[in-house]
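K.L.:
Each chain, letter by letter, is given below.
Protein chains: 2
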Amino acid sequence: MAVLLAAGDGCDAVIQSGETEFLLPIHDDFQAHVLPPPPDELARLQRALARGRPGRLVLQVEVRDGEDRLAARFTGRYVAQRD
Amino acid sequence: MAVLLAAGDGCDAVIQSGETEFLLPIHDDFQAHVLPPPPDELARLQRALARGRPGRLVLQVEVRDGEDRLAARFTGRYVAQRD
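Chains as they are written, first to last, in full-length UniProt numbering: chain A, 1 to 83; chain B, 1 to 83.
Don't take each hint at face value.
[Stated by the list, open to error] Here are the simulated distance ranges between beta carbons: (1) B:Gly52 <-> A:Val14: 39 to 49 Å; (2) A:Gln46 <-> B:Leu70: 26 to 36 Å; (3) A:Glu67 <-> B:Ile15: 13 to 23 Å; (4) A:Asp9 <-> B:Pro36: 45 to 55 Å; (5) A:Val14 <-> B:Ala32: 33 to 43 Å; (6) B:Pro54 <-> A:Asp68: 22 to 32 Å; (7) A:Asp9 <-> B:Leu24: 25 to 35 Å; (8) B:Gln60 <-> A:Gln81: 28 to 38 Å; (9) A:Arg51 <-> B:Asp83: 53 to 63 Å; (10) B:Pro38 <-> A:Arg56: 29 to 39 Å; (11) A:Gly52 <-> B:Gln60: 48 to 58 Å; (12) A:Arg82 <-> B:Asp83: 47 to 57 Å; (13) A:His33 <-> B:Ile15: 14 to 24 Å; (14) A:Val34 <-> B:Arg51: 36 to 46 Å.
[What the hints assert, rightly or not] Residues from chain A that keep clear of chain B, each with C-beta distances beyond 10 Å, as calculated: (15) Leu4; (16) Pro25; (17) Val34; (18) Leu35; (19) Leu49; (20) Arg53; (21) Pro54; (22) Gln81.
[As the list claims (entries may be wrong)] Over the 12 Å line for every Cβ pair with chain A, so calculated as not near, a few chain B residues: (23) Ala2; (24) Asp9; (25) Arg44; (26) Ala48; (27) Leu49; (28) Ala50; (29) Arg51; (30) Leu59; (31) Glu62; (32) Asp65; (33) Gly66; (34) Asp68; (35) Arg69; (36) Ala72; (37) Gly76; (38) Arg82.
Quick caveat, the hints were computed from the structure, so don't treat them as lab data.
The model shown is predicted, which means the values in this text are computed figures rather than measured ones.
Glycine included, C-beta positions come from ideal geometry on N, C-alpha and C.
So here's chain A without its partners, still in its complex pose:
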């Protein structure tokens, strides 16, 4: 899971909220891509974890249909902390 990759080893993560916008009907295969979070948000997450505090991260996921059209967009708000 992308939040755990961002948080590093020895962390656990939970989702706080998720929002999906459905833009186009999907009748076929699709692909979901997590967009890389901005470097400053990633750095803030890692600073919080290094201080033993929970860190927050917002991730965006794009869902594209077989013709590479943006069919849905997901935004997830996560909290990570050291195990």
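Based on the hints, put chain B in the right spot on chain A.
P.N.:
The following block gives chain B in isolation, referenced to the frame of chain A:
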């Protein structure tokens, strides 16, 4: 589906967006309840459909754990129209 019940026979509905807030971890059985939409919102949906226009409806769903605690809340925005 609750939107189709609200819209009546001969209608189709799609979801535009959905947001879920995760409030408590769920480790066991849970129940999801659609909250009845406010009567004025239901009336507005049905007026739009009666005029041959698409109608919108926001529905709230509560997810409760085995001890009847509110564990998650879902808000869905739907559009219904006559087939």
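K.L.:
None of the hints should be skipped; say for each whether it holds.
P.N.:
Evaluation of the provided hints:
Evaluation of the 39 to 49 Å hint for Gly52 (chain B) and Val14 (chain A) yields a pass: the beta carbon distance comes to about 45 Å. The hinted range of 26 to 36 Å is satisfied by Gln46 (chain A) and Leu70 (chain B), whose Cβ atoms lie roughly 33 Å apart. As the Cβ distance of Glu67 (chain A) to Ile15 (chain B) is approximately 21 Å, the hint placing it in 13 to 23 Å holds. At roughly 47 Å, the beta-carbon separation of Asp9 (chain A) and Pro36 (chain B) lies within the given 45 to 55 Å, and the hint holds.
Evaluation of the 33 to 43 Å hint for Val14 (chain A) and Ala32 (chain B) yields a failure: the beta carbon distance comes to about 20 Å. Hint check: Pro54 (chain B) to Asp68 (chain A), Cβ distance near 28 Å, so the stated range 22 to 32 Å holds. Separation of Asp9 (chain A) from Leu24 (chain B) is about 27 Å and conforms to the stated range, judged on CB atoms against 25 to 35 Å. Separation of Gln60 (chain B) from Gln81 (chain A) is about 30 Å and conforms to the stated range, judged on CB atoms against 28 to 38 Å.
Between Arg51 (chain A) and Asp83 (chain B) the beta carbons are some 57 Å apart, a value that agrees with the proposed interval 53 to 63 Å. For the pair Pro38 (chain B) and Arg56 (chain A), the beta carbons lie near 33 Å from each other, so the given range of 29 to 39 Å is met. Distance hint check for Gly52 (chain A) and Gln60 (chain B): the Cβ-Cβ separation is about 37 Å, which falls outside the suggested range of 48 to 58 Å. For the pair Arg82 (chain A) and Asp83 (chain B), the supplied restraint of 47 to 57 Å holds, since their beta-carbon distance comes to about 54 Å.
For His33 (chain A) and Ile15 (chain B), the Cβ-Cβ distance of about 21 Å falls inside the hinted range of 14 to 24 Å, so the restraint holds. Between Val34 (chain A) and Arg51 (chain B) the CB atoms are about 42 Å apart, so this pair conforms to the stated range of 36 to 46 Å. For Leu4 (chain A), the shortest C-beta to C-beta distance to chain B comes to about 17 Å, beyond the 10 Å cut-off, and the non-interface label holds. Against the 10 Å criterion, Pro25 (chain A) falls within the reach of chain B, whose nearest CB is about 7 Å from its own CB.
Val34 (chain A), annotated as away from the interface, keeps every beta carbon of chain B farther than 10 Å; the closest lies near 18 Å. No Cβ of chain B approaches the Cβ of Leu35 (chain A) within 10 Å, the least distance being about 18 Å, so the stated non-interface status holds. Every CB of chain B is more than 10 Å from the CB of Leu49 (chain A) (nearest about 20 Å), matching its label as outside the interface. The non-interface label for Arg53 (chain A) is consistent with chain B: the shortest C-beta to C-beta separation is roughly 20 Å, beyond 10 Å.
No Cβ of chain B approaches the Cβ of Pro54 (chain A) within 10 Å, the least distance being about 15 Å, so the stated non-interface status holds. For Gln81 (chain A), the condition that its CB be more than 10 Å from all CB atoms of chain B holds, with the nearest at approximately 14 Å. Even its closest Cβ contact with chain A, about 17 Å, leaves Ala2 (chain B) beyond 12 Å, as expected for a residue assigned away from the interface. With a minimum CB-CB distance of about 22 Å to chain A, Asp9 (chain B) clears the 12 Å threshold, and the non-interface call stands.
Its beta-carbon lying about 22 Å from the closest one in chain A, Arg44 (chain B) satisfies the requirement of being farther than 12 Å from that chain. Distance to chain A confirms Ala48 (chain B) as a non-interface residue, since its nearest Cβ pair spans about 20 Å, more than 12 Å. Non-interface call for Leu49 (chain B) relative to chain A: holds, since the shortest CB-CB distance, roughly 20 Å, exceeds 12 Å. The claim that Ala50 (chain B) is not at the interface with chain A holds, since no C-beta of that chain comes within 12 Å of its own (minimum 25 Å).
A cut-off of 12 Å between C-beta atoms confirms that Arg51 (chain B) is not in contact with chain A; the least separation is 25 Å. No beta-carbon of chain A is positioned within 12 Å of the beta-carbon of Leu59 (chain B); the least distance is around 14 Å. Here Glu62 (chain B) stays apart from chain A, with its beta-carbon at least about 15 Å from theirs, past the 12 Å limit. Consistency note on Asp65 (chain B): stated as away from chain A, and its beta-carbon is indeed over 12 Å from all of that chain's, at 15 Å minimum.
Non-interface call for Gly66 (chain B) relative to chain A: holds, since the shortest CB-CB distance, roughly 19 Å, exceeds 12 Å. Every Cβ of chain A is farther than 12 Å from the Cβ of Asp68 (chain B); the closest lies at roughly 22 Å, confirming the non-interface assignment. For Arg69 (chain B), the condition that its CB be more than 12 Å from all CB atoms of chain A holds, with the nearest at approximately 16 Å. The Cβ of Ala72 (chain B) does not lie farther than 12 Å from every Cβ of chain A; its closest approach is about 9 Å, which violates its non-interface assignment.
A beta-carbon of chain A comes within 12 Å of the beta-carbon of Gly76 (chain B); the shortest separation is about 10 Å. The beta carbon of Arg82 (chain B) is kept farther than 12 Å from every beta carbon of chain A, the shortest such distance being approximately 18 Å.
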